[in-house]
Amino acid sequence: MAVIETSGLTKRYGETAAVEGLDLTVEGGTIYGFLGPNGAGKTTTMRLLTGLTRPSEGSATVAGVDVRERDRLGEQIGYAPDDPPLYEKLTAREQLAAVADVRGLDSGTKRERIPTLLDRFDLDVADDRIETYSKGMKQKTSVVQAVLHRPAVVFLDEPTGGLDPNAARTMKELLAELRAEGTTVFLSTHVLPVVEELADTVGLLYDGQLLAEDDPRALQQRLAGDSLEDAFVELTTEGAAADAAGRR
Amino acid sequence: MSESPDGSVTSTGQRPSLARSVFVVTRVTVAQLLRKQRSSPLLLATVVGFNCFVAAVLVGVTGDGAYHLGVALAESPASVGERVRRTALVAVVLVTVMQTLGAASDARARHRRLAFLTATSTAAVVAALLVRRVVAALVLFGPAIVATAAAFAVGAGTPVSAVSLGVGALWLLVASAVLTLPFGLVANWVVAGYDLSSNARVGLGAVVLGVFYLALFGRELVAATLGATPVAWAGDLLLLTVSGIGVSVPHAVAFAVGSVALVGLAGLACVRLATLTWYSDPVFGETDSADTDASVGSVETARGDENIDTGTRGPTGGTDGVQTAPVETFGASLRWACSPRTAALVALTWRRTRRTPKVLFYVYPSALVGVVMAEQLVLHGPFSPAMYPAVVGFAGATAVGSGFTLNPLGTEGDALPALLTSGAGSGRLVRAKALAAVLPGGPLVLGGVVGIGTALGSFPATVLLATLAYALALVTLAALCSQALGVHYPPDHEELLGGSVKVPNKSASLLYTVGMTAVALPGFAGIGQYALSGTFEPVVLFGGVGVSVAVACALAWLSYRHAVTRLDSYSVE
Chain V
1 MAVIETSGLT KRYGETAAVE GLDLTVEGGT IYGFLGPNGA GKTTTMRLLT GLTRPSEGSA
61 TVAGVDVRER DRLGEQIGYA PDDPPLYEKL TAREQLAAVA DVRGLDSGTK RERIPTLLDR
121 FDLDVADDRI ETYSKGMKQK TSVVQAVLHR PAVVFLDEPT GGLDPNAART MKELLAELRA
181 EGTTVFLSTH VLPVVEELAD TVGLLYDGQL LAEDDPRALQ QRLAGDSLED AFVELTTEGA
241 AADAAGRR
Chain Y
249 MSESPDGSVT STGQRPSLAR SVFVVTRVTV AQLLRKQRSS PLLLATVVGF NCFVAAVLVG
309 VTGDGAYHLG VALAESPASV GERVRRTALV AVVLVTVMQT LGAASDARAR HRRLAFLTAT
369 STAAVVAALL VRRVVAALVL FGPAIVATAA AFAVGAGTPV SAVSLGVGAL WLLVASAVLT
429 LPFGLVANWV VAGYDLSSNA RVGLGAVVLG VFYLALFGRE LVAATLGATP VAWAGDLLLL
489 TVSGIGVSVP HAVAFAVGSV ALVGLAGLAC VRLATLTWYS DPVFGETDSA DTDASVGSVE
549 TARGDENIDT GTRGPTGGTD GVQTAPVETF GASLRWACSP RTAALVALTW RRTRRTPKVL
609 FYVYPSALVG VVMAEQLVLH GPFSPAMYPA VVGFAGATAV GSGFTLNPLG TEGDALPALL
669 TSGAGSGRLV RAKALAAVLP GGPLVLGGVV GIGTALGSFP ATVLLATLAY ALALVTLAAL
729 CSQALGVHYP PDHEELLGGS VKVPNKSASL LYTVGMTAVA LPGFAGIGQY ALSGTFEPVV
789 LFGGVGVSVA VACALAWLSY RHAVTRLDSY SVE
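The listed protein sequences correspond, in order, to chains V and Y.
Here the first sequence is numbered in our numbering, starting from 1 and rising by one per residue.
Here the second sequence is numbered in our numbering, starting from 249 and rising by one per residue.
Simulated from the structure, these hints should not be mistaken for lab results.
Be aware that one or more of the hints could be misleading.
Which bits of chain V does chain Y cover? Going by a derived footprint, with three or more residues having C-beta under 8 Å, they are [unchecked claim]:
| hint | stretch |
| --- | --- |
| 1 | 82-91 |
| 2 | 101-109 |
| 3 | 193-206 |
Short, incomplete list of chain V residues facing chain Y, as computed with Cβ under 10 Å [what the hints assert, rightly or not]:
| hint | residue |
| --- | --- |
| 4 | R47 |
| 5 | R70 |
| 6 | D71 |
| 7 | R72 |
| 8 | L73 |
| 9 | E75 |
| 10 | G78 |
| 11 | Y79 |
| 12 | A98 |
| 13 | S134 |
| 14 | K135 |
| 15 | A146 |
| 16 | A152 |
| 17 | A167 |
| 18 | Q209 |
Don't be surprised by glycine CBs; every beta carbon is placed ideally from N, CA and C.
Hey, can you work out the whole structure from these sequences and the hints?
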């Protein structure tokens, strides 16, 4: 069953279209790898799907909720943007507790999940203020915050950026577990091996348009590349991108 | 960079001279300043309007001014000379106070300067900063000064008299811009270089504002004191090309030479002080020691005062660590006023504000306005002390809405996306912000009104009750209309105070102040009538207060609806 559905989703800033006519369907309980070069419109798409940015045209639903209904949408999703959305003056533990309270989680659930997730990511600085954290520690806190309430869909923008190899592995394990529990993960990253290893479907965005969408292995085979990286490079070279856009 | 014959990469760039570096950095900083002015129609209009206003006052359009002094010159040169000298000293005091306050803000090692510091020398960056300050001062006051000198010359019928007046006044402006920068650097050295507590910082801010206030209202006294010092020779410099006025040329030359020397010394001092200030750890570390209760990095999950059990975690992340109590504790104490989720947001705001008290920076000017009003209206004005409670009500209410509610999105900083996608709801966010401001601010303001009213002794109970209702309505309006205005402006419009603190947009502040004043005026007039005459006229008092209260309540409701609607449609771009 489709959990994310968009139809002709478009976002324009003046004359410039950041995302144009995006048609996406993401099945529930899967990991969707969202790829694209810098400036392709990935972050804008994430913001559209999380209700942070209003579409110029088209429609989108996430977990059955129209993305224009931000409050209802918020109950269904978790979002960890590239810039960790944290209060610098709080400690990680306070941050997570506060967000849990704002989301209306009961005390028992908070007490069970917060320490477990903190331990899992080795956030032993959870009682220090976030302003003292490295980028990686902030990233971990942000991801924990996004999954704390066990949302139906999790949007993760570059979740492995700044993480050390151990934390990156933990992150991958977490993503796999989320999928196993039925959570849909919408993952944007430049770390192609992560997508190659975990994603059920890969979507490639270029210049605001979806160039290709397929199973990662099928995509490689289709483009006769040795890896997803080859496929990415081939598709996003200017000429190829124009051809692909033309074919669509 | 280029590749040498042996394959190694070497830098072919020659180190530019200091003059070249100064030129480049200055060009960039001044271009930034001027572009900022040009790109903001409101800022441009403010600068032009300010110039026109100052010029109109100084030239004599609104009363006695430079033109009239010029006309009077023919009749009584000696008295005109004396007035020009006195006015010049008062102007020196005012400009110096303003420049000093500006210097404290200008001297901060902000990111753009840090970017330059990695590419060029400190001296070049300091020189550019000085030029930027001078340009800013000339843009603000230059045209008015030229117009004033010209008006004096026209009035006197001697065009040459405009030369020393104009050039001398412009030089005083330039000198004050340069001479006050070391103070700004020292102030920043004290604040950034020493581990001042947040209370000490607030105290420092209050002292600076107090000095500003004293200098503003004691300018005549300060000018008279300076009259016995070489600073008074500034008058000789200004009047150098005015004939028949008894100018001391040696004094004028001595002042010019002395001020040039001082400007040079100040420039050198600035370089030295900048080296001490801009490279200190707190500047680069971005850790705001004053906001962190001197315990950043320590395990300080608000234990003690909030009685937190930090607990222990088992090897698999056991659940015996109960660290989620802080927000619950706060929230629980607020459930009489709002829902648990709203209480959580209120508690979150308070906790962050307590750790970043400078987010309340804009509260202080409103409080200062209250002091100035009290001084101007009652202490040296026509009103009796019965006006004090109304002044407290108005200034206090304005202060309540001047903190984080005037920039409701900006104060959330990087966490804004998390808050907007939390499903909390726009209405809840607006209510929580308003409660966070009103719950501590309201009792303070109302307590002040009652306390002062009671202390006055002969204050009638009906007048006190009317003033109380007036203050309550204004406090409610303040917390909501500030949000209704604040949500219209980008959350990260400016970063003046460093760290995660974003100050309100200037336009929002202006509209908010004008709006609050407009609503407060009828009530102020009603209470003012009593304070002026001492006679209680129910129709005037209750009529004035009634209009203010009714308008405030209606506007508060409309502001709430507007803020919620606006937040609903808010789009992170």
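Taking the hints in turn, this is what the structure says about them:
1. Coverage of the stretch 82-91 of chain V by chain Y holds [criterion: at least 3 residues with CB-CB distance below 8 Å; count 9].
2. For the stretch 101-109 of chain V, the stated coverage by chain Y holds: 5 residues have a C-beta nearer than 8 Å to a C-beta of that chain, and at least 3 were required.
3. Proximity of the stretch 193-206 of chain V to chain Y, defined as three or more residues with a beta carbon under 8 Å from a beta carbon of that chain, is not established by the 0 residues found.
4. Restraint check, V/R47 versus chain Y: the minimum CB separation of about 6 Å is within 10 Å; hint holds.
5. The beta carbon of V/R70 comes within 7 Å of a beta carbon in chain Y, closer than 10 Å, and the hint placing it at the interface holds.
6. Taken as an interface hint, V/D71 checks out: its beta carbon lies about 5 Å from the nearest beta carbon of chain Y, inside 10 Å.
7. For the restraint placing V/R72 at the interface with chain Y, the shortest Cβ-Cβ distance is roughly 7 Å, inside the 10 Å limit, so the hint holds.
8. Given hint, V/L73 at the interface with chain Y, holds; its Cβ is 7 Å from that chain's nearest Cβ, closer than 10 Å.
9. Interface hint at V/E75: satisfied, since its Cβ lies 4 Å from the closest Cβ of chain Y, which is below the 10 Å cut-off.
10. Interface hint at V/G78: satisfied, since its Cβ lies 8 Å from the closest Cβ of chain Y, which is below the 10 Å cut-off.
11. Hint status for V/Y79 relative to chain Y: holds, with the closest Cβ pair at about 5 Å, below 10 Å.
12. At its closest, the beta carbon of V/A98 sits 5 Å from a beta carbon of chain Y; the interface hint therefore holds under the 10 Å criterion.
13. Violation of the interface hint for V/S134 is found here, the shortest Cβ-Cβ separation to chain Y being roughly 12 Å, above the 10 Å cut-off.
14. Evaluation of the V/K135 hint against chain Y yields a violated restraint, the C-beta minimum of about 12 Å exceeding 10 Å.
15. For V/A146, the interface hint holds, the least distance from its beta-carbon to any beta-carbon of chain Y being 8 Å, beneath 10 Å.
16. Using the Cβ-Cβ criterion of 10 Å, the hint placing V/A152 at the interface with chain Y is not satisfied: the shortest such distance is roughly 12 Å.
17. Interface restraint check: V/A167 against chain Y, minimum CB-CB distance 15 Å, threshold 10 Å, status violated.
18. Interface restraint check for V/Q209: the shortest CB-CB distance to chain Y comes to about 20 Å, outside 10 Å, so the restraint is violated.
Violation of the numbered hints given earlier is confined to hints 3, 13, 14, 16, 17 and 18; the remaining hints are satisfied by the structure.
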